[in-house]
Each structure stands twice: as C-alpha cells, then as structure tokens.
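Protein chains: 2
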Amino acid sequence: MNNNEHGDVMQKIVSLAKRRGFIFPGSEIYGGLAGTYDYGPLGEMMRQNVMASWRDKFIKSRRDMYAVSAAILMNQKVWQATGHVDHFSDPLVECKKCKKRFRADQLPVPPPEGKCPECKGEFGEVRQFNMMLETKLGAVLDSSSTSYLRPETAQGIFVNFKNVVDSMQPKIPFGIAQIGKAFRNEITPRDFIFRLRELEQMEIEYFVHPDDWERHFEYWKDEMMEWMASIGLDMNKIHDVEIPDGERAHYSSRTIDFEFEYPFGQKELYGLAYRGDYDLSRHASSSGEKLEYRFQDEGGVQTFVPHVIEPTFGLDRTILALLVSAYREDGEGDDSRVYLALDPKIAPHKICVSPLLKNKPELVAKGEEVFAHLKAEFLDVVWDDNGNIGKRYRRQDEIGTPFCVVVDFDTLEKDDSVSIRHRDDGSQERVKIADLLEYFAQKFA
Amino acid sequence: MNNNEHGDVMQKIVSLAKRRGFIFPGSEIYGGLAGTYDYGPLGEMMRQNVMASWRDKFIKSRRDMYAVSAAILMNQKVWQATGHVDHFSDPLVECKKCKKRFRADQLPVPPPEGKCPECKGEFGEVRQFNMMLETKLGAVLDSSSTSYLRPETAQGIFVNFKNVVDSMQPKIPFGIAQIGKAFRNEITPRDFIFRLRELEQMEIEYFVHPDDWERHFEYWKDEMMEWMASIGLDMNKIHDVEIPDGERAHYSSRTIDFEFEYPFGQKELYGLAYRGDYDLSRHASSSGEKLEYRFQDEGGVQTFVPHVIEPTFGLDRTILALLVSAYREDGEGDDSRVYLALDPKIAPHKICVSPLLKNKPELVAKGEEVFAHLKAEFLDVVWDDNGNIGKRYRRQDEIGTPFCVVVDFDTLEKDDSVSIRHRDDGSQERVKIADLLEYFAQKFA
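Here the protein sequences line up with chains F and H, keeping their order. With the numbering used here, the residue at position 360 of the first sequence is 360, and numbering never jumps. With the numbering used here, the residue at position 218 of the second sequence is 218, and numbering never jumps.
What the hints contain is simulated information worked out from the structure, not anything from laboratory work. Each hint can be trusted.
Chain copies aren't distinguished; within one or between two, either way the pair holds.
Under the rule of at most 25 Å between Cα atoms (straight-line distance), these lysine-lysine pairs were calculated in the BS3-like manner:
hint, residue 1, residue 2
1, 60, 181
2, 60, 345
3, 443, 432
4, 77, 100
5, 345, 375
6, 18, 345
7, 181, 18
8, 60, 366
9, 181, 77
10, 18, 162
11, 100, 120
12, 97, 136
13, 366, 443
14, 360, 171
15, 171, 391
16, 443, 375
17, 12, 162
18, 136, 77
19, 96, 136
20, 57, 345
21, 267, 181
Bound conformation, chain F alone:
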C-alpha cells in the first residue's frame, strides 16, 4: 500500500470504531478533549477480553506473580526520587509569530533551521516541558499539597515492594503485576489511541537475583511473544528492536522495544527492560526504608537488592494493533464486505444467534431458546433479528463476531440442527442443537 492507502485504512478503522461502538472521541458532545478517547460497548468488551487474557497468562496461571492496584495519586516524593519531577520532559518550541507550540523532536525540520509548519514563522528557544499532570490535594494550597497523576504504573509497584514482600513472603524470583491508568501531558497527542494523554498500562516488575537477569530477560521476551500471538496480533507486523548502547536509559544494560507496523509507521507497542536495582535503590535511599530481599541458606541469612526485568504493555496500543491486525476487506460490488478477523477470545461477541425470519413466531421462539442455551454457557452471545440474514452477517462481520448461528425451517422441521456461518470464509455448516455446547467449547479452547 502507498501512504494514501495507509492513511485510508487508519481513517476506516477510526470511523468503524466510532460507528459500531468501539471507541468514541472523549467528551465528544462538547467538542472533545485532545488526547482522550472513551471506549464504547464493543471496545470495552475487547478491553476486558485483553485484560482477562493477560491476567490469565501472567498472573492467575502462575505461582510467582502478585497483582497490586496502587492509587494513581502518589506522594510527590515518589516522583522526586525517580527523577520524573526534574527530567520527565519533552522538548517544546513556540512559534514567535502564531504562538503555536510543538514538540521540537517531532517537527519535519527541527529548530533552529525549521520554520513553523503552520505559518512559516520563526521558532523561539527549545525548552524542556514536563509531561506530568499536576494537581493540588487537600484544603491548604501550598507546595506540600502538590501531587501528580502518575505518568507510569511501574512506581506503584516499586513503592509497594516492601509491603508485598513482608505480607506475601514470596520466593525469588517473583513478579508484581499491575493494570492501571497513567497520564502524560503530551504536547501533541495524535494517531487516534496511539499517543494519548490518558492511557492504560499492563506492567510487570519481575524481581530476580542479580546473577540471573540475562536468563530471565530471554524468558520474558519469549513469554511476551507467546502472548502477542495468542491474542491474534499480526506477528508479521511485530519487530523486536534492540535498543543500542547510548540510547537506553542509563541504568539499563538491555532494552528491547516491540514495535508494530501501524498504518502511520512502525512504532512502539511494548517494551522489555532490564532495570538493574535502579528503582529499588533510589527509593531506598530517598525513603530511608530497606528495600531488600532476605533469605536463609546454608551460609546463614543472605540479603541482596533484587534486580528487575520489566515487561510493559500498553492496553490502548494493544487494542489499536488488534484492530489493525484484524481489519479486512474482500469481495466486489454488492458482495464487498469489511470484517474484523479477531480471535474469538478477543472478539466482543463470540456468537450471534438469529432466527432466519423475524416475523415467524416459531422461528423466533426456537431462536430464543438456542440463544438462552448458548448465553448461559458463553455469556458473550448476542441476539440479532434485524433486517435480512445477509445484512446481519455483514453487520456481525464488521464487529468481528466469529460465528453466526441461524435457526431456520430445517431446524424446526427436520433434525433440530442450526446453521453455523463462519466469519472469515463465509462457509456454513449444520450442527445439532444438542451438540452446540461441545462444538463451541472446542472452538474457544
């Protein structure tokens, strides 16, 4: 595809997402709010499915993972200790003529050579713009009341390291996981839900013995890849990029970015970083608390500061990458259609149930029976009796429903079987109602 077609796909996804109830611009009836989006009913179901899959793999099926949910608002000393107050910033320039502001490193030609892309005016000095959103807590407004909306979920984990170790007494290696919101005052939010001011992260801090980090790093790289494939991300569009010396954070001796080929370019999707003992040591020295791991072996009590492997996942970017991975068009003219080839695990609705005709009470009654039967078992089942059957298939295709079950006259008059129509190739087969639960249990296994 050329650039126009790329832009086209993105536009089609944004428009489908709004029209079909996946993703709406935030505060839209009031003209929106830059950098915020709201998830509609189908988008929220996708979000829940992604989070459930993540929790199952990385938390619930494991014995070494502890989930926490820390407050978004944290004591400002947290962000002083981490360096965010001083250094979490992007380079900002203002046009002297039109007063518009830009992120200097994202301009086609950065200053001092570059001119304002809006009015060709000259830029002022580049200055550092802190991306943390600030607020004031309490009834007395002074510097002690300053708080920040956390710019990352990671610190909610490190700050709770001691409490988790003391209360759960985990054996090392172990991880602490968290899903939650983070906020960044992006100078130029852009690309739909890619660069947001309010975003959701799924993060793990995995604590290991310092001698073991390389082995664990490789292990987590594999685990991340396995999960990406399992939810239906297009693995041909994913690239693991080793961040070279000099471009990594100073405390990290290895970092991988997992980049994804979005329609607007190959950009970061997830990250995997070896952070050493940087965070625990900074927090220990700033807070005065001992943030260590102790254990008893033949040689007596051993104490060390664990090192950290950090796999981090953006939830909103996952949703966008899933939509990009799943978006398909096929057919011509009257046969043309758009469909989302979403994995059944992720699709908002797993099954759609319809009576062939809406105005035949016996079809509707039997359809309702089949619907209730399937919904009791699989929950994410939807009823659709609107319009003719071809239109219903198109409608379900567009929101990625993998299976459409239709109750027709053969169901009533012949062998109590229903038609099952498959989203991706449009093929149909007949399955007895009595066999439906097992049929779908296998499909969803």
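Using the hints, position chain H against chain F.
This is chain H only, laid out in the frame that chain F set:
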C-alpha cells in the same frame, strides 16, 4: 459491642489488611498520602472478584446493558453543565489560631458555637470548598487548559449517551454501565477506605420511558439487594433509607441510600436515585446536541428524553463492608483464631493445597499433582507447605480461604483420597482425588 470494641474491630481489620497483603496505605514508604490506599495482592483479588460478580450479574448475563469506559479527564464544559464547577463543594472552616482546616458539617459542635477540636481556637467564616481536583492539560497554560479529575463516573455515561444509542441502537429500557475511578478532594479523608480522595465506582444509568420509572425503581432496588446478598454482605447490617422530601437533590423525586453498619457508624454504602431527565436535558442544552430516544410505532416516529434510574456502588466501600461482614474471632487461648467468612466467590484464594509434611518428597509430589489439577480448573488456588498444618489452617483462615486440601499418608497408602478442611467450622472430610473437580464445582456453583 461498645464503642471501644467497635474501634477495636476496625483497628484489627486495618491491621490484618496490611499484614496479610489486602490493603496498604498509599505511598507508605514516603509517609503516605492522605486519602489514598493501595490494594495488595489479596485485596486486588477481592476487587477483581467483586467486579467480576458485578459485571456478570449487571452486564454480561443481561441483554439490555452496555458497558463503557470513559476517560477520567473530561472537557471542563461537562462540569460546568452539571453544576459541579459552581456547586460541588463542602463547607470548610479554618481555625484562626492553629490554622487547621475542617469540614464544618463534621465537627462535633459546628461553628459559630464550636471551637477548634485541636486547640480550642475560634473559627473563621465557613466557606464553600470545591471538591473537584483540577489539573492543566496541554502546553499552553490558560483557563482553556483547565480540566478536572472526574468526581463521579456517571457523567462519562451521560456524555456518551448519543454515541451509544447511535452505534448500538438499543431498545428502551436499556442501561449503560461503567466501572472506574473518581476523585474528590475530601477536606478530611477518614475511616480507612471509606472516605477516600481516590475511589472506584460501579455505576449504571438505566434509561426508561418517563411513565415507567416507578416500576423500574422498585426492580432495581430488588436487583441491588439480590447482588449484595450474593457476594456475602451481612444483610442484617444493611438498611435501605428513603431520603425524604427536601433532602434529595432537587431533580430527584425518589432516592434510597443503602446504609451499612460499619464499626464507625451506619453510613452510606450504595445509592439508588431517580434522576428524571435532569442530566440528559442539561447536557443537551449546554452542548447543543439532541439527547433523545426515537422509535417508530403505529403512531409514527416518537421522540422523548428518557428518564434515568441510577444504581451506584462504591467498590472500596464494598471491600470494606465485606471485610466487616466476614471478620470473626472464635476459640480461646491456643485455640483462638481469626477468620474471614468470605463467600468462595469473593475470597482471594478458593482452595489451599498442602502436603501434610514438607520434608516427605512423596507427599510433596502428590500434593503438587493435586495442586496442578485444581489450579488448572479453578485458578485461584494456592500452595502452602510452610510450618505445621495447624499453622497453615490459621494462616488460611485469616485470609478467608474456604477450603484446605491436605495430602497425607492415607492419600498415598490407602484410597487416593485427600482431607478437605472447612474454614468456618473447622470440620474435615475425605474426598477421592478423582472426585475433587466435581466436589468443588458444586461448592462454587
């Protein structure tokens, strides 16, 4: 219990919650941050269980409910339209002597009669203190960049009403549900996770024909009660309080507060309010968008503004009320114990699996086998081989694990059965390993 004992119970719950990994003070290693708490591993599992139960009952098992997840940051016009910018405030007084600030309506003796409870100084004027947390978005700091951390999740629903109706074409009556964070700059946060500055709400706005609201109100009252009982809240401690004329919001002709007997008094847990067309009408006139419902019947196209029934649930208050409902002490001396009589649906761990002795490899191997078998099916299963079996029971009692499965010598030498020990009455029974899945499936049904 007298007041001292009440305080005692609260203190015991707070201390257990921290010691065993349910709930930690926010930013604790930095001296905390008033009005914030962090959920530790067991508290986070409870939260997830409560939310899953709520979603199953109110969203997934229904056909008329649409979930959304709106951004916390909204266009400031939202809060101008609702009146929050002008009126969402608490009465604040400052002591002229010690400069401490208090919520006037929570003082033992309110001003002008009352003196400062800290220093007996005189109070200044009572003034209205807005409880919304403010922040600034974007790189240009002027009044247009002001935003607020939403003080309630409800408006994220109303603002998306049109998008949900247009994309999902729901039949009335229908509801829109949301779980998410809200923020209130409480002058005096207090009572553990009862009055927080950062809290989580589970809310439904249920849209009905104006003529039908009374019937739906009764229906939702019953639904709420049914759910409360299903998660194990002590229904003897719950009171539905009709808010009388003159005390309700001006737009509401009926409101019920569900109050709970916390150790610190009978206070609000949930609410059920009939809000009429107040919200949709305000947003329609402020935004210029038509927020209506249209349908076709014999008489042609009918258009009306739906009326709203709002069931609202605080998640943190639910967790606290569940802990209060479940907290038990029994036995004397060496036999004394503390246990949490949590419903298996809500308990962090459903089953604990142990080998009777840690140093017998054949017991450990068989135990691991049973553990893997149960964990594959029920996920929330924990392994515990630490200390003697009596200590393990006490440890699991304290975190509310309903069943302890023990692999012992009879398992190996006799009939392949394990011991199952019940949390609440300490009784034990033997069940064959081959029957375990069915045994627990019935217990958890």
